[in-house]
Amino acid sequence: MVFLEFEKPLENLYQQLDKIKQVGEAGDIDVSDKIGELEKKIKQTRKDIYSNLTGWQKVQLSRHPERPYTMYYINQMCKKFVELHGDRYFKDDKAIVGGLANIDGINVVIMGHQKGVNTKMRQYRNFGMANPEGYRKALRLMKLAERFNLPVVTLIDTPGAYPGIEAEERGQAEAIARNLFEMAQLKVPILCYVIGEGASGGAIGLGLGDRVYMLENTWYSVISPESCSSILWRSWDYKEQAAEALKLTPDHMSEFGIIDGIVKEPLGGAHSLPDEMAKLLKRHLKKELSELMELSPEDRIKARINKYSTMGVYSRKKTTTEEKV
Amino acid sequence: MGWFKRLKDGIITSTKDKKEAPDGLWYKCGRCKEASTMKEVRENFHKCPHCNYHIRIGSHDYFDLIFDGKYEEIIDDLLAEDFLEFTDLKSYKERLEAAKKKTELDDSMSVAVGKVNKQPLVIAAMDFSFIGGSMGSVMGEKISLAIDYCLETHTPFMIISKSGGARMMESAYSLMQMAKTSAKLTLLAQAQIPYFSFLTDPTTGGVTASFAMLGDVNFAEPEALIGFAGPRVIKETIKKDLPEGFQRSEFLLDHGFLDFIVDRKDLKTRISDMLSFFPVAAAT
Ligand SMILES: [Zn+2]
Chain S
110 MVFLEFEKPL
120 ENLYQQLDKI
130 KQVGEAGDID
140 VSDKIGELEK
150 KIKQTRKDIY
160 SNLTGWQKVQ
170 LSRHPERPYT
180 MYYINQMCKK
190 FVELHGDRYF
200 KDDKAIVGGL
210 ANIDGINVVI
220 MGHQKGVNTK
230 MRQYRNFGMA
240 NPEGYRKALR
250 LMKLAERFNL
260 PVVTLIDTPG
270 AYPGIEAEER
280 GQAEAIARNL
290 FEMAQLKVPI
300 LCYVIGEGAS
310 GGAIGLGLGD
320 RVYMLENTWY
330 SVISPESCSS
340 ILWRSWDYKE
350 QAAEALKLTP
360 DHMSEFGIID
370 GIVKEPLGGA
380 HSLPDEMAKL
390 LKRHLKKELS
400 ELMELSPEDR
410 IKARINKYST
420 MGVYSRKKTT
430 TEEKV
Chain X
17 MGWFKRLKDG
27 IITSTKDKKE
37 APDGLWYKCG
47 RCKEASTMKE
57 VRENFHKCPH
67 CNYHIRIGSH
77 DYFDLIFDGK
87 YEEIIDDLLA
97 EDFLEFTDLK
107 SYKERLEAAK
117 KKTELDDSMS
127 VAVGKVNKQP
137 LVIAAMDFSF
147 IGGSMGSVMG
157 EKISLAIDYC
167 LETHTPFMII
177 SKSGGARMME
187 SAYSLMQMAK
197 TSAKLTLLAQ
207 AQIPYFSFLT
217 DPTTGGVTAS
227 FAMLGDVNFA
237 EPEALIGFAG
247 PRVIKETIKK
257 DLPEGFQRSE
267 FLLDHGFLDF
277 IVDRKDLKTR
287 ISDMLSFFPV
297 AAAT
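Chains as they are written, first to last, in this note's numbering: chain S, 110 to 434; chain X, 17 to 300.
If you're looking for bench data, these hints aren't it; they were derived computationally from the structure.
Bear in mind the structure is a predicted one, so any value in this text is a computation, not a measurement.
A couple of the hints might just be wrong.
[What the hints assert, rightly or not] Think about it this way: if two alpha-carbon atoms lie no more than 20 Å apart in a straight line, the pair counts; the simulated PhoX-like pairs of lysine-lysine are:
#, chain 1, residue 1, chain 2, residue 2
1, S, Lys149, S, Lys117
2, X, Lys55, X, Lys281
3, S, Lys152, S, Lys130
4, S, Lys252, S, Lys229
5, S, Lys427, X, Lys117
6, X, Lys106, X, Lys117
7, X, Lys55, S, Lys427
8, S, Lys426, S, Lys411
9, S, Lys152, S, Lys200
10, X, Lys86, S, Lys348
11, S, Lys426, X, Lys117
12, S, Lys427, X, Lys44
13, S, Lys188, S, Lys296
14, S, Lys426, X, Lys118
15, X, Lys131, X, Lys281
16, S, Lys130, S, Lys156
17, X, Lys55, X, Lys44
18, S, Lys427, S, Lys188
19, S, Lys130, S, Lys143
20, S, Lys395, S, Lys373
21, S, Lys395, S, Lys426
22, X, Lys131, S, Lys426
23, X, Lys281, S, Lys426
24, S, Lys188, S, Lys396
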């Protein structure tokens with residue numbers, strides 16, 4: 110088990126539990142009372158820690174090395190999954206995966222950012238930072254979904270679109286922009302979940318949908334707290350303050366009306382009970398899909414565009430003519 | 017809607033009462049270091065008379081260069097709000113106040129309607145001097161309302177981009193302006209109203225990754241920095257020096273993301289030529 114810094118009290122308790130279990134296994138003494146007591150304590154401590162997380166702690170949780178990624182959810186939720194590769198122009202981006210999936214009898218096209226589970230795979234997946242071909246693969250799959258009237262599900266988990274020379278040469282900006290343009294008018298339902306990190310253009314490139322939800326321990330922002338700190342505070346040391354200032358937590362996003370709601374995680378975060386998390390996500394997703402599929406494509410697109418059209422906060426200047434009114 | 021009422025009321029703000037630099041003042045080119053008078057620079061379309069460097073200019077300078085004389089400013093009553101109470105070294109509120117004072121503008125975008133060789137056009141143009149031309153809720157709403165205006169009046173639309181990207185101090189709201197503006201542009205496309213995207217130095221981040229790359233025609237000024245990630249971020253990520261001319265207009269033209277590059281002296285003619293190919297049926 111990997112413990113984050115703010116989970117240290119938990120780590121101590123788990124260590125005590127291990128020791129007592131060893132004593133118990135050694136024989137003579139009955140430790141079941143002690144074990145029960147410790148397990149209770151662990152539960153309470155977990156509750157205390159997790160009921161009051163700061164923005165930065167949510168960011169840390171969203172990056173927990175044991176947190177489930179897109180492929181985990183796909184494998185857990187889908188009876189059948191046929192992965193489809195490639196953007197048909199340049200190559201297959203390993204940082205975005207997707208394909209045809211069957212979720213309890215519902216056929217969908219599902220896709221998402223994919224991070225690697227170990228050092229080697231993290232490199233292979235480019236840390237979940239997609240190149241233009243990733244966004245173009247995603248768009249190809251969405252168009253496939255549209256042609257065959259299959260709803261689209263996207264899982265968002267990226268520290269950002271990759272900032273590299275080749276990415277610029279091949280049009281990172283154009284690829285993301287094109288996705289936004291096409292997703293706005295896609296005839297089939299689009300259902301999006303932020304399952305980890307929702308950083309900037311790299312996230313929204315898969316994130317324009319009829320409904321957008323965030324898992325409980327995730328974040329969504331125009332910029333990562335680290336980059337924000339380096340630009341606005343001119344130092345990398347203000348990431349905690351930046352995380353607070355950006356108001357990037359699911360609670361804030363929900364309050365602002367930028368997302369449609371929050372999917373609860375098991376106590377201790379998605380990584381503590383990943384299979385339970387996958388069940389919760391599947392249940393949520395099925396309900397949402399059935400609601401979205403009842404609408405006509407025209408109504409769905411109209412509502413989708415209306416939703417985004419009203420996003421923004423500003424005031425109106427008082428002019429002499431308006432004051433008269 | 018604000019703009020509609022103001023138009024009916026006949027309130028026309030032509031060129032904002034901007035302070036023109038006195039003709040006698042000297043301009044020293046940042047690139048070739050040669051000096052010219054402000055008069056020479058202005059008569060040369062705000063370019064260095066010695067090396068043709070395109071000096072960064074503001075929204076109203078472009079309106080003056082492109083429109084036939086008079087134009088009407090529309091959608092000019094929106095103000096940014098510090099609704100997140102965002103504070104870094106300064107508060108967003110203070111940044112807004114300072115920018116307003118410095119530029120005498122309300123935000124980083126102005127919208128105007130006018131004629132280009134007698135052909136109507138709506139232009140939404142950015143001011144880099146206002147918090148780096150950053151895109152927040154006001155810019156998003158101005159673009160959105162400008163598109164509504166174009167849909168109602170069947171007028172072609174152009175955005176002049178000059179921006180560091182999304183405005184961090186509005187966090188996810190600024191990110192959502194990418195979705196908002198792109199979604200609204202689909203309505204123009206459906207109505208067969210042309211949208212021109214004109215990219216000037218610099219155009220990066222969320223602006224490039226949304227409406228700036230979505231023109232029916234994308235074109236740029238020479239040597240403008242255009243990209244998704246900023247050069248500094250790329251350099252820090254790949255830990256290598258960037259090639260000469262990387263992310264400049266000529267680089268983007270070569271890689272297929274621009275239709276052409278236009279010298280500022282030919283700008284008006286080129287826009288006028290393009291408009292003649294996209295006749296828009298009059299509003300019913
Ligand atoms: Zn010069």
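Status of each hint after checking the structure:
no. : hint                : result
1   : S:Lys149 - S:Lys117 : holds (17 Å)
2   : X:Lys55 - X:Lys281  : holds (15 Å)
3   : S:Lys152 - S:Lys130 : holds (17 Å)
4   : S:Lys252 - S:Lys229 : violated (32 Å)
5   : S:Lys427 - X:Lys117 : holds (18 Å)
6   : X:Lys106 - X:Lys117 : holds (16 Å)
7   : X:Lys55 - S:Lys427  : violated (37 Å)
8   : S:Lys426 - S:Lys411 : violated (29 Å)
9   : S:Lys152 - S:Lys200 : violated (47 Å)
10  : X:Lys86 - S:Lys348  : violated (49 Å)
11  : S:Lys426 - X:Lys117 : holds (16 Å)
12  : S:Lys427 - X:Lys44  : violated (40 Å)
13  : S:Lys188 - S:Lys296 : violated (25 Å)
14  : S:Lys426 - X:Lys118 : holds (19 Å)
15  : X:Lys131 - X:Lys281 : holds (18 Å)
16  : S:Lys130 - S:Lys156 : violated (23 Å)
17  : X:Lys55 - X:Lys44   : holds (13 Å)
18  : S:Lys427 - S:Lys188 : violated (59 Å)
19  : S:Lys130 - S:Lys143 : holds (9 Å)
20  : S:Lys395 - S:Lys373 : holds (15 Å)
21  : S:Lys395 - S:Lys426 : violated (45 Å)
22  : X:Lys131 - S:Lys426 : violated (27 Å)
23  : X:Lys281 - S:Lys426 : violated (36 Å)
24  : S:Lys188 - S:Lys396 : holds (17 Å)
In the structure shown, a violation is registered for the earlier hints numbered 4, 7, 8, 9, 10, 12, 13, 16, 18, 21, 22 and 23, in ascending order.
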